[in-house]
Amino acid sequence: YGLSGSGLNDRLARSHLYLASRAGDMCARGICLSEGWEMEKDYAKAAKCFEVKAKQGGSFAQYRMGLCYEHGFGVPACPKMAKMWYQCSAKQGNPMAQYNLAVCYDREGDHPELAVEWYRRAALQGN
1 YGLSGSGLND
11 RLARSHLYLA
21 SRAGDMCARG
31 ICLSEGWEME
41 KDYAKAAKCF
51 EVKAKQGGSF
61 AQYRMGLCYE
71 HGFGVPACPK
81 MAKMWYQCSA
91 KQGNPMAQYN
101 LAVCYDREGD
111 HPELAVEWYR
121 RAALQGN
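Quick note on numbering: the numbering used here labels position 72 of the sequence shown as 72, and the sequence is numbered without any gaps.
Keep in mind the hints are simulated off the structure, nothing from the lab.
Among the clues, some could well be false.
Stated by the list, open to error - Lysine to any residue pairs mimicking SDA-like chemistry, simulated, CA-CA at most 20 Å apart:
| no. | residue 1 | residue 2 |
| --- | --- | --- |
| 1 | Lys45 | Lys91 |
| 2 | Lys48 | Arg22 |
| 3 | Lys45 | Gly58 |
| 4 | Lys45 | Pro76 |
Keep in mind the model is a prediction, meaning the values are calculated, not measured.
Could you put together the complete structure from these sequences and hints?
Okay, here's the thing in structure tokens:
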């Protein structure tokens with residue numbers, strides 16, 4: 001969603017996310033809720049928003065669901081669910097999910113070839 005840490009651009013991106021959230025974009029609403037932008041921070045509500053969009057096939061929302069389950073943001077921490085959501089997103093080409101999926105495989109140690117493959121795919125996209 002274009003946040004770069006460069007001040008003005010970040011404020012503009014936050015403003016657009018908030019407007020998209022108000023217009024019904026569940027992923028944008030989840031980001032605003034998880035970051036506390038223009039509304040009170042609420043990880044549980046954010047996870048529910050991401051889940052709606054993720055179940056519709058939204059790659060970025062699937063990635064965010066992976067983060068929620070990996071770190072226990074608004075849902076119970078569950079490595080298996082995190083991996084499942086990262087896999088859904090990674091298969092659609094999300095480089096952040098590809099990297100995190102590779103880390104999942106790396107931690108498990110059972111399929112090093114899959115870890116290497118997902119690291120490679122993420123790297124080819126600059127991640």
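Which of the listed hints are not met by the structure? 1
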